[in-house]
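Q: Residue numbers (the working numbering), protein chains in the order written: chain A, 1 to 293; chain B, 1 to 315.
What the hints contain is simulated information worked out from the structure, not anything from laboratory work. There's no promise every hint is true.
DMTMM-like mimics (lysine to aspartate or glutamate), calculated; alpha carbons at most 20 Å apart, straight line [said to hold, decoys possible]:
#1 K286(A) x E128(B)
#2 K286(A) x E272(B)
#3 K135(A) x E128(B)
#4 K289(A) x E135(B)
#5 K135(A) x E135(B)
#6 K289(A) x E128(B)
#7 K131(B) x E175(A)
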Amino acid sequence: MLAARRGFEPRRRRRREFTALLFIRLTGAFTAGVMALVVGFIAFNGAGAISVPFLTEYPRDAMTAGGILPAIEGTLILALGALLTAVPLGFGAAVYLAEYARPGPLVSVIRLGVLNLSGVPSVVFGLFGLALFVKTFGFGRSILAGSLTLGLLILPTVVAASEEALRQTPQSFREAALALGASRWQAIRQVVLPAALPGMLTGAILALGRAAGETAPIVFTASCAYTLASPGSVFQEVMALSTHILNLATNGTRIEETLPQQFGTALVLLALVLGLSLCAIIVRAKLRKGRRW
Amino acid sequence: MTLSPSVPADAPRGELLHPKLSPTEQGVRLFFLLCAVSALGQMLLITIFLFSEAAGLFLPAPGDRAVPLAEFFFSLDWFPTYPDSSFGSAALVIGSLAVTFASVLLAGPLGVGLAVYLACLAGPRMREFLKPAVELLAAIPSVILGFLGMVTLAPFMQGYLGLPTGLNVLNCAVFLAVMSTPTVASLGEDALSAVPQSVKDASYALGATRWETIWRVIIPASLSGLSTAVILGLGRAMGETVVVLMVAGGAAQIPHSLFDSVRPLTSTLAAEMGETAAGSPHYHALFALGMILFLLTLALNLAAFWLGRHFRKNS
Numbered sequence: 001m002l003a004a005r006r007g008f009e010p011r012r013r014r015r016r017e018f019t020a021l022l023f024i025r026l027t028g029a030f031t032a033g034v035m036a037l038v039v040g041f042i043a044f045n046g047a048g049a050i051s052v053p054f055l056t057e058y059p060r061d062a063m064t065a066g067g068i069l070p071a072i073e074g075t076l077i078l079a080l081g082a083l084l085t086a087v088p089l090g091f092g093a094a095v096y097l098a099e100y101a102r103p104g105p106l107v108s109v110i111r112l113g114v115l116n117l118s119g120v121p122s123v124v125f126g127l128f129g130l131a132l133f134v135k136t137f138g139f140g141r142s143i144l145a146g147s148l149t150l151g152l153l154i155l156p157t158v159v160a161a162s163e164e165a166l167r168q169t170p171q172s173f174r175e176a177a178l179a180l181g182a183s184r185w186q187a188i189r190q191v192v193l194p195a196a197l198p199g200m201l202t203g204a205i206l207a208l209g210r211a212a213g214e215t216a217p218i219v220f221t222a223s224c225a226y227t228l229a230s231p232g233s234v235f236q237e238v239m240a241l242s243t244h245i246l247n248l249a250t251n252g253t254r255i256e257e258t259l260p261q262q263f264g265t266a267l268v269l270l271a272l273v274l275g276l277s278l279c280a281i282i283v284r285a286k287l288r289k290g291r292r293w
Numbered sequence: 001m002t003l004s005p006s007v008p009a010d011a012p013r014g015e016l017l018h019p020k021l022s023p024t025e026q027g028v029r030l031f032f033l034l035c036a037v038s039a040l041g042q043m044l045l046i047t048i049f050l051f052s053e054a055a056g057l058f059l060p061a062p063g064d065r066a067v068p069l070a071e072f073f074f075s076l077d078w079f080p081t082y083p084d085s086s087f088g089s090a091a092l093v094i095g096s097l098a099v100t101f102a103s104v105l106l107a108g109p110l111g112v113g114l115a116v117y118l119a120c121l122a123g124p125r126m127r128e129f130l131k132p133a134v135e136l137l138a139a140i141p142s143v144i145l146g147f148l149g150m151v152t153l154a155p156f157m158q159g160y161l162g163l164p165t166g167l168n169v170l171n172c173a174v175f176l177a178v179m180s181t182p183t184v185a186s187l188g189e190d191a192l193s194a195v196p197q198s199v200k201d202a203s204y205a206l207g208a209t210r211w212e213t214i215w216r217v218i219i220p221a222s223l224s225g226l227s228t229a230v231i232l233g234l235g236r237a238m239g240e241t242v243v244v245l246m247v248a249g250g251a252a253q254i255p256h257s258l259f260d261s262v263r264p265l266t267s268t269l270a271a272e273m274g275e276t277a278a279g280s281p282h283y284h285a286l287f288a289l290g291m292i293l294f295l296l297t298l299a300l301n302l303a304a305f306w307l308g309r310h311f312r313k314n315s
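Using the sequences provided together with the hints, build the complete structure.
A: Here it is, written out as structure tokens:
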């Protein structure tokens, strides 16, 4: 008899059932709690620093006063540059993988490459960007080098999200286009891509958020501690929100005095990154619900 | 009956019944192929650059000391800027492993628990709320987590536990766990959800409770998928740089307890790369560290990939 075996008496079973499920439910509550704590702590401590001058002025008095305008500009420029690098390549690679590739050794190797690329630590991308873009290509520490490095970093994310979106487009769409006499490229361009594009763009926005939040890849390829003016060309270095926090919190000689600036910068960065991700998540949920196929 | 012998049954979705392609079509196809191959090319380029720059440490330019492989891999002394320099990576590798494994001890159970909750217990409304929350937790920039570690846990441990420094293995592990739990949870949930409903129904029909079904049926059935999730979480923690740079403390030593400060590979790279001259032995040594890091994470990824494939084959 099962019930007679040790550990299977009804009371023991009920108690174990209760404890085990309670622990699992607690992990759910714990995660939500951690998320709320992180956001709440930064928002509570950072809100005091946020003001119009903080968002529109340059830093003053050894970073203890003034604003973070150049860091905001720098982060936006670098993230958009990364997107411009990753989207054409990523969309192209996804179209090949979803629409053209036949299963075989080449495709397996490409997939393995993309998969491993997504697991390469971000600091290694930084080293690579330093060796290739900064030194070998001679771009120096610059917007160009940083954007290309970040672009490579987010490429696997863009490829994966776009391929997923393409695969969710029903096969009947392609068949219908072909039955009307369209060629393969016509079918892709005029039927498959328009249907998959919203999903592909959502993935791109998620990747944009990731690029905006990254620190390690731009420390040696693009960022500097302080600039006096908005960048005039892609060969100049810029400040960035993430590296600004890192510099103020670890390298500064006046760490205590810049604490409000650190919290304020952290809040701006958090709002930017979570705002972008949240937009993408909401749009994606709407797309899934509103899909007619 | 198949319409055309040139189209195999497992052809991809875009595979059409046009045996001959016009030049435009072939050109377009070639363009997309090049895009896909370029992703692979980057992986190759990264490997080549890391290895060739790292090689400069062992086969240096005339005038510099050639560092023996044994010194680099086994020496505990990392004194790159001393006149009598020494480039031993062992303490840094051990530092990386220490924070990674300490963090996975937290992130593993938590992530798997969360995955079980999302896949087996949570109602649809709860899932609708919690899944985006997990995704957002994964999106929090690591510099913010590191900053939080510096301003919350570090002063707490120093003040209330009487430690010499709050920047140590434990602090680092906690914030690495915050970062890698979402990875473990979302991949783990996919693995758990892939267990067919019929298997669960069979277990319930035999009189098993929900927990007995989870513990004895669902988890064993998705074990390789769950392992993949934990390994990828491990890889993410090992490659993380900024959290580690900010809260691990930075002393290149073998930790004897959770409260010792360490200097993992990633934080060494981030802290020192900005200050070295290109081409110096120190510069090459940092690339050699990058190479070790790259190989460690590559091994973890390949293990996860292999386990994942094994998992798909068996289900």
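Q: Take the hints in turn and mark each one as holding or not.
A: Against the structure, the hints:
1. Under the criterion of a C-alpha separation no larger than 20 Å, the hint pairing K286(A) with E128(B) is consistent with the structure, at around 12 Å.
2. Under the criterion of a C-alpha separation no larger than 20 Å, the hint pairing K286(A) with E272(B) is inconsistent with the structure, at around 46 Å.
3. Straight-line distance between C-alpha atoms of K135(A) and E128(B) comes to about 47 Å, which puts the hinted pair past the 20 Å bound.
4. Of the pairs offered as hints, the one joining K289(A) and E135(B) holds, with about 19 Å between alpha carbons and a cut-off of 20 Å not exceeded.
5. Proposed proximity of K135(A) and E135(B) is contradicted: the alpha carbons are some 36 Å apart, above 20 Å.
6. Between the alpha carbons of K289(A) and E128(B) the distance comes to roughly 13 Å, so the proposed pair stays at or under 20 Å and holds.
7. Distance restraint check for K131(B) and E175(A): the Cα-Cα separation of roughly 35 Å exceeds the 20 Å cut-off, and the hinted pair is therefore not satisfied.
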